[in-house]
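Just so you know, the protein sequences line up as chains Y and C, in that order. Our numbering puts the first residue of the first sequence at 9, with every later residue one more than the last. Our numbering puts the first residue of the second sequence at 9, with every later residue one more than the last.
Read the hints as simulated data drawn from the structure, not as lab findings. Mixed in with the good hints there might be a few duds.
A pair holds if it fits inside one copy or across any two, identical chains being indistinguishable in the list.
Here are the simulated lysine-lysine pairs, DSSO-like style, with alpha carbons at most 30 Å apart [stated by the list, open to error]:
(1) Lys110 to Lys51
(2) Lys88 to Lys262
(3) Lys262 to Lys126
(4) Lys19 to Lys88
(5) Lys167 to Lys249
(6) Lys88 to Lys249
(7) Lys51 to Lys19
(8) Lys167 to Lys30
What follows is each chain in one-letter form.
2 protein chains.
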Amino acid sequence: MPELRQDFATKEWVIIATERAKRPEDFVKERSEPDRLPERDDKCPFCPGNERMTPEETYALRNGSGPNEPGWLVRVVPNKFPALVPDSRPYRSRSGLYLRMKGVGFHEVVIETPRHDKCPATLTEDEMTGVVSVYKQRYSELNRNPTNELILIFRNQGKQAGTSLIHPHSQIVATPIVPPAVRRTLYEAERFYDAMGRCVHCEIVNYELRVQERVVMDEPDFVVLVPYAAQVPFELTIIPKFHQASFGEIPDDKIGPFARVLWTTLRKLYYGLKNPDYNFAIITAPHYSQGEPHAHWHLRIRPRLTTPAGFEMGTQIFINTSLPEENAHFLRQVSIPEPSSEQ
Amino acid sequence: MPELRQDFATKEWVIIATERAKRPEDFVKERSEPDRLPERDDKCPFCPGNERMTPEETYALRNGSGPNEPGWLVRVVPNKFPALVPDSRPYRSRSGLYLRMKGVGFHEVVIETPRHDKCPATLTEDEMTGVVSVYKQRYSELNRNPTNELILIFRNQGKQAGTSLIHPHSQIVATPIVPPAVRRTLYEAERFYDAMGRCVHCEIVNYELRVQERVVMDEPDFVVLVPYAAQVPFELTIIPKFHQASFGEIPDDKIGPFARVLWTTLRKLYYGLKNPDYNFAIITAPHYSQGEPHAHWHLRIRPRLTTPAGFEMGTQIFINTSLPEENAHFLRQVSIPEPSSEQ
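Produce the complete structure using the sequences and hints provided.
Below, the structure is given as structure tokens:
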């Protein structure tokens, strides 16, 4: 019998389609080996030596070299084809019946490594910590501008996940609006807080740690879960155990632990499911909700193992063809090699 | 400069990414010619002669033959791997902190033609009318059961759109819940109605017919639009000009005109964009909102020409890399062959 499950935070229902359910092993595809990538590609705008092929950098982690020169470890540049661009205040205007505004905002690319042939799962832990520290630097910088109402840090890994450039990179978009979907989730969290006097995400963390059925990793500061109402197979959430509304508030001494848990989780996917395509995004409070007792930032990972279709388009109800508890069990047991044994 | 546009009905914002915008012609891909399909495939459960490979049919249009025998024109069967299954009343239960319920509902497949090698664009107009009349018959039948709170008729065309079986078919899912996304859209429509005393979709139809910028087809009873805030390139909406909350209320004498406009629209996509993959869904009022003055059914088509990625996952804001007005202009000019010249 299929089962409908309600997400405790968002109130979205998901169909867990047991009649068509697959075993976790069924999602391990022998993916066609990509052409072995070169360490550096002359034509890649993100490779060292090609710094002039991007707009001027806004930030970089470097070992002493000058801006827009090789020698960087992580490099941030404005997106050459931005979805939103910096400009003056984003006033609304009418277009006949409709409302529109200039596409004001920021769209940055975080080039995660000089190496063309890497992905997060094959970086070192230190390199991942560098990337996450840059996330925080850029978040804090963009957050100074109150026009940036929402800042989204996200990553598209692989062609199925919508990436166009192979060189490892994440993206940051700052929007001048809070979209209805984000607002609605906050509203649900606020209602829970007003009724129960607790943050709904703190409540989920406490409950999941007690029952342990969907916990993939339990670290001192972070927990990795397959959500009870996961929308897609092997969906994962990394939630800080400490309450914090906005990613920008993460203390410096938690950056390393967060990078480590993200890195380990991506390595479990990489080794357990053989390098699946995925998206991840850091879900965080909008500018004016920072510090709120009901908002709680977290990182969501969605492997692209199935294709949402017309039913999802028409209802926003996802059909998940796997069991969250089985997914979590599978990922707990994935053993990842010692970094020293790679390369 | 990119532009943000707000959907007048749902209040969702969309980024029209002019900096990375493509011309309509850029979406016309030379798609790899699929293996020329046979008219009939021995192994296909939807081909005539293989009726025993599906569950027993729930309905069919036939020329005199008996149930589950060849000789049908359109055949409806329960999905063999259903997302939801018929059962007693869908009571909620607790699973610790969470809410769940049995996956009660209906999941049917509408086999649109005996011919394995067709798609809606290559059916005849009469065949399409048959399919749409079956949609209405099934909608009305499923709608008798008040447990079916929402009935979604949808179609997945092509692999990119999530289809698994090639033989032309649509699907109908009846859910025992109204999902939050549907509820929110209705709530926005209700607010508009309470303020203005008019249906928001009637208002959009009137405005679009006046300005004509995004109209693809203007028929006596239906209009085909590229929405002002289209979320993906070549998104299309077919809206009845007459106000009607639920698809189940469509009068019999409008089934032909609706089938004709749907058929012509899909043919424009087929010939104009060279057989793109797409999803379509009939967005209609839930069981208890039928007859409401603010709800207005319509059919939405989404070609799968781009890949929503981490930004869409994190914000539900879509980035559309094309201009709705250009898309509409392009589709208006697509000439489709006379049916007699095909085959």
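Cross-check of the supplied hints:
In this assembly of identical chains, the alpha carbons of Lys110 and Lys51 never lie at most 30 Å apart, being 33 Å within a copy and 54 Å across copies at closest. When the C-alpha separation of Lys88 and Lys262 is checked against a cutoff of 30 Å, the pair qualifies neither within a copy, at 32 Å, nor between copies, at 49 Å. In this homomeric assembly, Lys262 and Lys126 come within 30 Å of each other (Cα to Cα) only inside a single copy, at 25 Å, whereas the closest approach across copies is 58 Å. Taking identical chains as interchangeable, the C-alpha atoms of Lys19 and Lys88 lie at most 30 Å apart only when they sit on different chains, with a minimum of 29 Å there against 38 Å within one chain.
Neither within a single protomer nor between protomers do Lys167 and Lys249 lie at most 30 Å apart by alpha-carbon distance, with minima of 33 Å and 41 Å respectively. With identical chains, the CA atoms of Lys88 and Lys249 are never at most 30 Å apart, being 37 Å at best within one copy and 43 Å at best between copies. For the identical chains of this complex, Lys51 and Lys19 are neighbours neither inside a copy (47 Å) nor across copies (42 Å), given an alpha-carbon limit of 30 Å. When the C-alpha separation of Lys167 and Lys30 is checked against a cutoff of 30 Å, the pair qualifies both within a copy, at 23 Å, and between copies, at 19 Å.
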